[in-house]
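> Can you make the complete structure from the sequences, with help from the hints?
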Amino acid sequence: MTRYRECFPVVDATEAVSMGSPQTLVDPLDSPLEVVEYSCDSPLRHPGKLVAAMFGDFIRSRELIWTLFTRDMRAQFRQSVLGYLWLLLPPVATAAVWLFLQSQKILNVQTEIPYPVFILVGTTVWISFVNLINAPLQGFNNGKAIYTKLNVPPEAFVMSAVLRAILNFLIRIGILIPVFVYFKFTPPWTAFLFPVAVMSFFLIALAIGLWAIPFGSLFSDVGNFLTNFVRIFMYLSPVIYPIGRKTGWFKAIMVYNPLTPGVAWSRDTITTGSYEWAVPCLVYGGISVILIFLALIFLRISRPHLVARLGM
Amino acid sequence: MSDEITVRCDNVSKRFSRNLKKSLFYGLQDTFAELKLNSVGKGDPELRDSEFWALRNVSFELKRGDSLALMGSNGSGKTTMLKVLNGLLKPDTGSVTLKGRVGALISLGAGFNPILTGRENVYVNGSVLGFSKRDIDARFDEIVQFADIERAIDAPVRTYSSGMQVRLGFSIATCMDPQILLIDEVLAVGDFNFRSRCYGRLAKLMADTTILFVSHSAQQVTRICRKGLLLENGCPIIHDDVAKVILEYNRRNAPSGEFRVLYDGTAQIDSVGLEEKDLNFGGDLVLNLTISSENLYPNCFLRLLIRKADEELVGEWNSELHGITFDLPVGQSDHRFTVKNLRLHDGLYRIAFFVMSEDRLTHLINAANVDTFETSGFCYGGVAVQF
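One line per chain: the protein sequences are A and B, in this order.
Residue numbers are given in the numbering used here: position 290 of the first sequence equals residue 290, and the series is strictly consecutive.
Residue numbers are given in the numbering used here: position 30 of the second sequence equals residue 30, and the series is strictly consecutive.
Since the hints were made in silico from the structure, they are not lab data.
Treat the hints with care, since some could be wrong.
[To be verified] Computed list of lysine-lysine pairs in BS3-like fashion (alpha-carbon distance at most 30 Å, straight line):
#1 A:LYS144 x B:LYS21
#2 B:LYS204 x B:LYS63
#3 B:LYS133 x A:LYS144
#4 B:LYS63 x B:LYS227
#5 B:LYS308 x B:LYS227
#6 A:LYS144 x B:LYS22
#7 A:LYS144 x B:LYS36
#8 B:LYS204 x B:LYS133
#9 B:LYS63 x B:LYS36
#10 B:LYS277 x B:LYS244
#11 B:LYS21 x B:LYS36
#12 A:LYS251 x A:LYS144
Here it is as structure tokens:
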């Protein structure tokens, strides 16, 4: 019996859980049969159980998440000669373009640090941020054929897409190291805060991405909106140019844009070492954690209603 | 243990919308209704604009070792019922309770990536079905052996035939001994040899497993299930022994089968019909036939074909075999043929016939869907002809 513990939902015989994969309450070694009830009641009637079931599902599906992640990775490059090198090549190409432009003295934006470093760090963080916004909905849509037919937590497909976005980010960051060496640029000691800054920033993306799922899987408008309009925010954040010195409405938008602290502090930790944006960045990150938690609950509640509309 | 109820379906209803835009909007509406702590269907919910009942007040109970066939024509709600049982759809009224590990033979090979090898896909599909890597490691050889694809296991799945893919999918899905098994029309695939091994594996599971089986095939259903539930437009029609349910299903859904007739000579049918349409097991089938002919056709004989409601041919009664030949004189003539001791299982049957000329080659008359009859009094086996 033990080997099924990870695989099958386990629920107390006496208590009903409404929808979703049920929670673990009883060790199957002690009870011969697991009992599940799916009823028309709202799962929010038992919020404690709902949350426990949610985390239980995540723990149970960790192996599935990893399998889906490796499946997509392997499949993506199986039919190519260069294979996993393709993970590296796109960011290398982007970096090469900026280094070339710098060598031709085309760029003359005034920044405290070499402009190519400024822009490469900015775009690396920004592109990964955008990918993380889109990853949850894409992952959810990719798994549609499966979770509309089998009892599989859709969150697993979401998480494996998120893992992919994170892996791509790590590779892009790795590419930055030779660039820093080339410019003989030594990051300050605050560089160890870089993961903290980036994570707080990326939590915003995850919150947006997760909230997009229930609406975006029903209406394609949401996905279209995200792909087309998020890029506007790149120009409203200090991604490819710094916040201007002068006052004015454009500067005000940049300063109050909730994405600015994340972009700015992430870069500052490995370049200037400034703490100017640290607090707002962490605050937005903290708010995002709450939003992510609520999004996961909302997703869980909406799941059967989504499946009913998406599936056949 | 066998008295224990393992599957209880209590007054389950589910509504769907035919209109896409409205259906999407209702999806949001239902989700937000849950936030207000309303049951989506508190009491008896009403249908909103463009909605219909995909399931209406379906109730049943199954014990361990029971097997229930969900039958019905396309769109009757069978798959919806299975999805509710699998926890994918939330009922609008009522509830389902499942006791035991649930396995599903639904969309076999879900998650297969065509470019990956069979070996890799076993782990992907197994993971999707909820098995851990350890589980699959332990059963890997058994899975591959049962699917009979040892030689192809390291080839990409896109080089597999569709039969091979399904075999591998079936093999993975059934290797973990579920206690409740949901099956959705998957046994129609695979070659004869594999199908028979599938039945073998299901038979092994049957003693300890509660099986819910969705199928159109009366033959598959009788092989696996003892009980049946017939759905029509989401409503339960009859819940009884599987033979009775199949009969009712055929009564309601048998193709009406237009009477068609071809003439190869100058003989024509004036009237035709069975004397008695409700027969007892072992009774006589009597066909009355009036033919008018412009020429004389001597020594004709009759081939009477009996089909099941699903068009499957059950048998033939050849008058020549019984030493009966007849002449078709010029003008009208009446003929009466009796098929004695008809040992047919309970069911709905239809007949067709040929009037053959002396040369044994010419079909003077070729009539299809001539008439139907029902037999009753024997519902033990599952096969039409009982010796």
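> The structure should be examined with respect to each hint, and the outcome stated for every one.
Cross-check of the supplied hints:
no.	hint	verdict
1	A:LYS144 x B:LYS21	holds (19 Å)
2	B:LYS204 x B:LYS63	holds (17 Å)
3	B:LYS133 x A:LYS144	holds (23 Å)
4	B:LYS63 x B:LYS227	holds (12 Å)
5	B:LYS308 x B:LYS227	holds (20 Å)
6	A:LYS144 x B:LYS22	holds (20 Å)
7	A:LYS144 x B:LYS36	holds (27 Å)
8	B:LYS204 x B:LYS133	holds (25 Å)
9	B:LYS63 x B:LYS36	violated (36 Å)
10	B:LYS277 x B:LYS244	holds (18 Å)
11	B:LYS21 x B:LYS36	holds (23 Å)
12	A:LYS251 x A:LYS144	violated (43 Å)
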